[in-house]
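Colleague: What follows is each chain in one-letter form.
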Amino acid sequence: MDKEYVLNMEDISKEYFGNKVLKGVQLKVRPGEIHALMGENGAGKSTLMNILFGMPVIHNTGGYGGSIEFDGEKVTIDSPNKAMQLGIGMVHQEFMLIPGFTVTENVKLGREITTPTVASSLLGKSLERLDKPAMADDTRKALDTIGLNIEDYAMVAGMPVGYMQFIEIAREIDKTGIKLLIFDEPTAVLTESEADRLLDTMRVIASKGIAIIFITHRINEVIAVTNSMTILRDGTFVSRLETKDTTAAKIAELMIGRKVEKLVDNMGQDNRGIRDDDVLLTLKNFYVDMPGERVRGVDLNLRRGEILGIGGLAGQGKVGIPNGILGLYPSSGEVEFDGQKIDPSKLGDALKKGIAFVSEDRRGVGLLLGKSIQQNIIFTAMQIQGKFLRKFGPITQFNGKAAKQHALEMIKALDIRCTGPEQYAGRLSGGNQQKVCLARAITMEPKLLIVSEPTRGIDIGAKKLVLELLAKMNREQGMTIIMVSSELNELRSLCDRIAIVSDGKLTGIFGPDASDADYGLAMSGVVEGGKDHD
Amino acid sequence: MSNTPLNKKSSLDGLKRFVFDNKVILLFVLLSIVCILIADTNASYVASEVFTRFGRNTCLVLALIIPCLAGLGMNFGIVVGAIAAQLSIFWVVHWGFTGMGGLLLCVLISTPLAVLFGWLLGKLFNKTKGSEMITGLVLGFFADGLYRLFVLYIIGGVIPFDDPNLLERGFGLRNAFDLTGNLKYSLDDISFLTTVSVLSVVSIFSTLVLSSFDKKMGREVNAKQVTGKVVASVVVLVVSIVARFVPILNDMLGSNRLLMSDAVMLGGIGLLVYAAVMLAWKRPEKGSGAFRKLAGFAVLALVLLVSNFIPDVNKLYRSVRLPAMTYAVICFFVFFNNWILSTRLGQNMRTVGQSRSVATSAGLDVDKTRIIATCISTVMAAWGQLIFLQNLGTFNTVQQQSNVGLYAVAAILVGGANVQKASNKQAIIGVFLFHTLFVVAPLAATKLVGDSAISEYIRMFFSYGVIAVSLAMHAWKSGGGRKPGAEGMSAVMMQPTNPAANSRPK
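Chains as they are written, first to last, in numbering that gives the first Met the number 0: chain A, 0 to 533; chain B, 0 to 505.
This list has only true hints and no planted wrong ones.
The calculated lysine-lysine pairs, modelled on DSS-like cross-linking and capped at a C-alpha distance of 27 Å, are:
| id | chain 1 | residue 1 | chain 2 | residue 2 |
| --- | --- | --- | --- | --- |
| 1 | B | Lys-424 | A | Lys-131 |
| 2 | B | Lys-367 | A | Lys-174 |
| 3 | B | Lys-420 | A | Lys-131 |
| 4 | A | Lys-446 | A | Lys-504 |
| 5 | A | Lys-249 | A | Lys-504 |
| 6 | A | Lys-124 | B | Lys-214 |
| 7 | A | Lys-124 | A | Lys-81 |
| 8 | A | Lys-131 | B | Lys-292 |
| 9 | A | Lys-131 | B | Lys-214 |
| 10 | A | Lys-345 | A | Lys-504 |
| 11 | A | Lys-124 | B | Lys-420 |
| 12 | B | Lys-367 | A | Lys-124 |
| 13 | A | Lys-131 | B | Lys-228 |
| 14 | B | Lys-367 | A | Lys-131 |
| 15 | B | Lys-420 | B | Lys-22 |
| 16 | A | Lys-386 | A | Lys-370 |
| 17 | B | Lys-367 | B | Lys-128 |
| 18 | A | Lys-124 | A | Lys-174 |
| 19 | B | Lys-367 | A | Lys-81 |
| 20 | B | Lys-223 | A | Lys-131 |
| 21 | B | Lys-281 | A | Lys-131 |
| 22 | A | Lys-411 | A | Lys-446 |
| 23 | B | Lys-122 | A | Lys-124 |
Just the calculated beta-carbon pair ranges, DEER-fashion:
| id | chain 1 | residue 1 | chain 2 | residue 2 | range |
| --- | --- | --- | --- | --- | --- |
| 24 | B | Asn-395 | A | Arg-139 | 53 to 63 Å |
| 25 | A | Ala-313 | B | Ser-360 | 21 to 31 Å |
| 26 | B | Thr-226 | A | Arg-139 | 30 to 40 Å |
| 27 | A | Asn-300 | B | Phe-17 | 46 to 56 Å |
| 28 | A | Gly-65 | B | Ser-360 | 24 to 34 Å |
| 29 | A | Arg-139 | B | Lys-22 | 36 to 46 Å |
FYI, nobody ran anything at the bench for these hints, they're computed from the structure.
Every residue, glycine too, gets a C-beta built ideally from N, C-alpha and C.
With the rest of the complex left out, here is chain A (with noise of 0.2 Å):
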């Protein structure tokens, strides 16, 4: 059979309720070959694997358009079990495995091999009796074809994190007449050395004609194992390139790709004196356990009066770095604050030193959303700071009188629309919302402000009125801002320095003009120097 590509998705489009998420992409893999797909956050490299998988999200919200060819033959994959019938296998980003069951139950998770019994012949095949040699055969030559060197009846739980991924990759090689595997950010939890052991693992698998989609932001691993990419920006295709014919920064600046769009008209007048040696902020060697956004030893200094931008693809621990100082995830490592240690394992210690937090999770921990405006602006400070409080002795007294003119100053200063200040937290739009989280944080009179993804899930005229806020603050107040965000574009319109984060480490510390393959490259987590920009 001559056929040049194992799968072939053309012009496949995917609207989520009227947002066009995939615009016209195509796909072509050849038989036995890694081939990356490689994209930002948000790019619709997952939508399109659930299309490819028959993912149930992708039908209950009005399927696709395109058409897909697998392996010569046009198909609809409409469901998982479809896929999984055409042979294509997925290893999960986040592990199917059971950590009390050996490796064989593991692998055979579903699929046992059984033989009948008189009491099955009665009451139904679930009684038949597991045939646990032959499942163990099979789980041995899936292993040894990975070349994993583990006992079949070893117990998963307490394996190092690299096992258990290749136990999920044996399990798909295991189903039989696989000819696609999906790999989801397969290194992303791995040591390097087990990184370096997986990529070999797929050459294995390339070469006995299975092909591989390799997703990955890892720039050096795609040039170091695959044969051709896809690359998608903003749900558009925009490259498919052999990897021999690129290198790496070309790859980083198609990722990325330079938007025009300005978002903040007005920084205002510009006269702080932003000085090298006077630092607000200093993080020695921070470790924080956030899951899905750890942070690995991160050493930063944030100067007085400027804005610092974290940036970063999801996952990769930029959010953990605020959630650690705040306290709210356990962390380890040094914090110094103005010339006070923070102890970061006392939840509020921050708060009273004077750094103010707005969470990325808006609607989970930033705000209280069954209370009132009002409640929402004074709560911190009234907790931490005893603000809005009239003492009598040893027992203190709400203040309501102050608490709503407060209140009312808010609104009016940050422009938000509501009813008035007993207006429910939760009945406001995102971008409201968003702004008295804001005004709560100013409202504490912070030393520092570190807002977390300030404009997710808040449509773009808010996002602009957002981030003239801070910049306004930042101006005019002299208030020094951490600003993590997920959007690059966002953080070089109003930031003085980027830094980058990848795989819970800095990568890079850039100015707002820095290339987008300077940007690129250390968002795959390329570390290039890390070079302070003024």
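Since the structure of chain A is already known, use the hints to place chain B on it.
Modeller: Showing chain B alone in chain A's frame:
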């Protein structure tokens, strides 16, 4: 990557590990010893009580294993199984059936009832995923209430039930339900010889059925082995029948209970013969695992035999009388649990128990599997309650079922089980330990306080205390909140970002 992550531990570490892993059992062993010392009681009394209670309670405790492995925690809901058993008894006694036939009829009636109750309970558990234990507990109270209404009013009041011997005043059952003369000891009193005869007949039939099934499936059948098994079973059957006509043997083995000293002799000789035959037949190499196992058997057999000739020990052995058939049924329950777990259904239960999300993604029907597990447990509980009551002989009509779940759960927890993991071994150890304490703790308390009225309070306090302590100790084992330091961080980092893995305490 070639070497496994396990590294060798020194023997001291090994001992520490053993103590830590078995700390629940060890704590309760220690507690029993202290209680026995304080109570300063007669060893024969304690031994005979404990073995009686073992026969009485073990099946109920074994009913907890399958739902536990299926992720339902400790099934306090076995109370509904006990209720099914008690309902069946009312009618069987009313109709006047007695003995083994009556008991079998009870099984016949209670099983469909228990399946129905178990199905409903399973449905409820599926609606309250994650809080099955409290659901089971509360549902137990609720079912208890309905049952009381039924027993005190509906029976005779609404449903015609004309039996002046059982009814209090035209409606409602008498408070105490006496099984003497009908169901009492119907299982316990089956003699050792009869038990052996029955088992050998079962063995002959099952061997024949299994081999013909294998033949039908086109599998290889070892004809020699099959014939050997059948012949051996027939020999045992014949011996067990002939023994009835030998006065000495009939006196020893044909009476309603088996004296423990006889059981020890039989067991010792049996083990010795088994070990010798296997050694002669299989000829395992010296030092191999099989050899060591057989040698261990032989040593154990000798210890048993010798112990029987130590006067004090022999006196103890002579004070304990074992119900042969009941113990055989316990063995059947153990075997059944193991068998279910070796099937696809069992594997599905274990998968569901470990992670519902992984099970779903592997295409398993999580809800159905959980319902089946609950049904099996409820049926086992119903049978267990029948065994319990036939041994007890008389029971409190209204509230006998109330504490079934509590005591069973306490027993299995004492055996070292936890809400995620339970085994037959833990159930059996647990029953022994829990009931030893159950016997001696009130004695010890009476001795200390000098008032025998507190013993019932002690038991209640003790059962709940056992549950609380063993759950707390298990939480300790799981290692609750962790605070990583700089060094601990790398270990934390190595953990997968996997909800399934994280949801399960290590």
